[in-house]
Amino acid sequence: MRRPIAGGSGDAAGTVALPHPRTGRRPRRGALENERLLAAVLLAPAVLLLGLFIAYPFVMGVWLSLSSTSVGNVGQFVGLKNFVKAWNDSIFQTAFWNTVWYTGWATIFKLALGMWLALLLNRHFRGKRLVRASMLLPFIVPTVLSTFAWRWMFDPTFSVLNWVLYQGGFITTKLPFLSDGTYALWCAIVVNTWRGMPFFAITLLAGLQTINPDLHEAASLDGANGWQRFWRVTWPLLKPVTLVVVVFSIIQTFSDFQLIYVLTGGGPANSTHLVATYAYQIGVATGLLGEGAAISLFMLPVLLLVVWVQLRYLRRLEGA
Amino acid sequence: MLIERRWKKWVYFYLPLAVFVIGTLFPFYWMLITAIRPDAELYRSWRAVNNAPFWTLQPTLSHFQDLMTRTTFPQWLWNTFFIAVVSTAISLFCGLLAGYALARLKFPMAGLLGTSIFVTYLVPPTLLFIPLADIIRNFQLGNTPWALILTYPTFLIPFCTWLLMGYFKTIPRELEECARIDGATRFGAMVRIIFPIAVPGILSAGIFAFTLSWNEFIYALIFLSSPEKKTVPVGVVSELIRGDIYFWGQLMAGALLGSIPVAVVYSFFVEYYVTGLTGSVKG
Chain F
8 MRRPIAGGSG
18 DAAGTVALPH
28 PRTGRRPRRG
38 ALENERLLAA
48 VLLAPAVLLL
58 GLFIAYPFVM
68 GVWLSLSSTS
78 VGNVGQFVGL
88 KNFVKAWNDS
98 IFQTAFWNTV
108 WYTGWATIFK
118 LALGMWLALL
128 LNRHFRGKRL
138 VRASMLLPFI
148 VPTVLSTFAW
158 RWMFDPTFSV
168 LNWVLYQGGF
178 ITTKLPFLSD
188 GTYALWCAIV
198 VNTWRGMPFF
208 AITLLAGLQT
218 INPDLHEAAS
228 LDGANGWQRF
238 WRVTWPLLKP
248 VTLVVVVFSI
258 IQTFSDFQLI
268 YVLTGGGPAN
278 STHLVATYAY
288 QIGVATGLLG
298 EGAAISLFML
308 PVLLLVVWVQ
318 LRYLRRLEGA
Chain H
36 MLIERRWKKW
46 VYFYLPLAVF
56 VIGTLFPFYW
66 MLITAIRPDA
76 ELYRSWRAVN
86 NAPFWTLQPT
96 LSHFQDLMTR
106 TTFPQWLWNT
116 FFIAVVSTAI
126 SLFCGLLAGY
136 ALARLKFPMA
146 GLLGTSIFVT
156 YLVPPTLLFI
166 PLADIIRNFQ
176 LGNTPWALIL
186 TYPTFLIPFC
196 TWLLMGYFKT
206 IPRELEECAR
216 IDGATRFGAM
226 VRIIFPIAVP
236 GILSAGIFAF
246 TLSWNEFIYA
256 LIFLSSPEKK
266 TVPVGVVSEL
276 IRGDIYFWGQ
286 LMAGALLGSI
296 PVAVVYSFFV
306 EYYVTGLTGS
316 VKG
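Sequences listed follow chains F and H, in order.
Residues 8 to 327 (the numbering used here) are what the first sequence spells out, left to right.
Residues 36 to 318 (the numbering used here) are what the second sequence spells out, left to right.
Worth flagging that the hints you see were computed from the coordinates, not collected in a lab.
All residues carry an ideal CB built from backbone N, CA and C; glycine is no exception.
Treat the hints with care, since some could be wrong.
DSSO-like cross-link-like pairs, simulated, lysine-lysine; straight-line CA separation at most 30 Å [said to hold, decoys possible]: (1) H:K44 with F:K181; (2) H:K141 with F:K135; (3) H:K141 with H:K43; (4) H:K264 with F:K246; (5) H:K44 with F:K246; (6) F:K246 with F:K135; (7) H:K43 with F:K135.
Looking from chain F toward chain H, a few residues come up when the C-beta cut is under 8 Å (computed) [as the list claims (entries may be wrong)]: (8) R130; (9) R133; (10) A140; (11) L296; (12) L312; (13) V316.
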């Protein structure tokens, strides 16, 4: 009933009509009663910070990528030269396909293992809360620091994993975990899975807990076994949550930097670079800002595609 | 029958769960055992007969002592803490106001603004670090904590806004309407009625934002250069490795000490953190 009076007519005078004795204080409260003005005031700090440190750098990044700027050297407009150069650069090509490979496999592993763990944690057992809390540790501990622990576990000389495999009789010589490009990329995928899987598990667990147990009961009364119940009941109901989690994970994994930076540094012989670590090497370590900015912008089309899928999905949810 | 069922439960439930627990926690155990192991034991041939890698009989705190007295590690801890707290506070402030506006107020382009804040949430730091480094240099912020305090909100504000917007939408409008009938201003109703109700949401957003800024790496790596100004993740990576030599005992002690503060904060607020985590993706 009150809404039309307070509603956003864009007219501060609209509030005058409040039939209440205390409106006598109106002069002081005038301006912020206007819905548009209040919205503008409330949004200003966020928009200012995001504009200054996201929108502006983005525009500047596009400009840099089209110029020959390097550290201490104002560049000139060179068109798409930086992009063409990167595209023809064999290290960049390796980095790009590494990124696709790394993202793809890590996401598949995280989804499969995360789903499995979520299903396990959805059952009742003693110490459940403790197990669930400790499972999230890899996700909250600084990635750089836990990656160091993995690097030590993959150490060429003192690797504990090699020791275990050797004592177990699985190998006779050490595995070259980080000193061989192919092994090293798989090691990175393992570490990324280890770190990101809890996020999948806990989010999917939250989704699982919203599923009505009656549905499972009905399905088992109809003779469905565990496997069928998962694919016919759980999976369809979990799909919305799963899609959102996968989108988030793809964005984070595709733009990953710190894990590779610490684990391999892009080596051996530039064979494990991702787009972001290569952009760092060119843009920051070498100081070629223009080329570095161009390399990191190669991530944009993939990220846009993923965001587009997500937004379309959100629209559909809102429309429903 | 019963025996068979019990056997099945072991194979399909306890065994996989145990593998998950061991796999998840082993790296942390390895950090700890490396940090308290004397150097003489750390670098021993992997085929040595008496090699017992999983425990040590001569635990030592010397790696921790070296770390605390011979490096600027305590300073890094303080820097990280200070930067994380201030940038979380800024982000909560901005996120609260913006989240309220997007959830409650009607204004032109509300939808567009909401969408663009969500899109900035998905912008990864690695896309923008090169131009951002240039901007930080131009603003004369390089090598100061302010470089990080002002840039961390770029990934914290969208998340806080998104989470709190969802939270505000669950609070019935009638509460504000009653307050306004009683003479409260819009602003007053927001601050005195809605914000106190939203405290659990604010806590979730705050805890999550704190851990995110504690863990941030690439901006800290690029914007800070003097050893005493660094944060823990960057300090451990760049200062504890001298040349090509890795002092693993000290490194692992640093990794452990750098992880404990977030782990403690997390363990006190697990439920809030989980709400933040699941809310951050569902909105």
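These are the hints, each one checked on the structure:
Among the hinted pairs, K44 (chain H) with K181 (chain F) is inconsistent with the structure: their alpha-carbon atoms are about 37 Å apart, more than 30 Å. Proposed proximity of K141 (chain H) and K135 (chain F) is contradicted: the alpha carbons are some 44 Å apart, above 30 Å. Proximity of K141 (chain H) to K43 (chain H) is assessed by CA-CA distance (about 57 Å); at most 30 Å being required, the pair is judged violated. For the suggested pair K264 (chain H) and K246 (chain F), the alpha carbons sit about 45 Å apart, so the restraint of at most 30 Å is broken.
Under the criterion of a C-alpha separation no larger than 30 Å, the hint pairing K44 (chain H) with K246 (chain F) is consistent with the structure, at around 27 Å. For the given pair, K246 (chain F) sits about 25 Å from K135 (chain F) by alpha-carbon distance, which is consistent with the 30 Å threshold. Between K43 (chain H) and K135 (chain F), the direct Cα distance comes to roughly 20 Å. Compliance with the 30 Å bound is thereby established for this hinted pair. The closest approach between the C-beta of R130 (chain F) and any C-beta of chain H is roughly 7 Å, which is under the 8 Å cut-off, so the hint is satisfied.
The criterion of a C-beta within 8 Å of any C-beta in chain H is not met by R133 (chain F), whose closest approach is roughly 11 Å, and the hint is violated. The criterion of a C-beta within 8 Å of any C-beta in chain H is met by A140 (chain F), whose closest approach is roughly 5 Å, and the hint holds. At a threshold of 8 Å, the smallest CB-CB gap from L296 (chain F) to chain H is about 6 Å, leaving the interface hint in force. Annotation: interface hint on L312 (chain F) violated; nearest CB of chain H at approximately 12 Å, more than 8 Å.
For V316 (chain F), the interface hint is violated, the least distance from its beta-carbon to any beta-carbon of chain H being 11 Å, above 8 Å.
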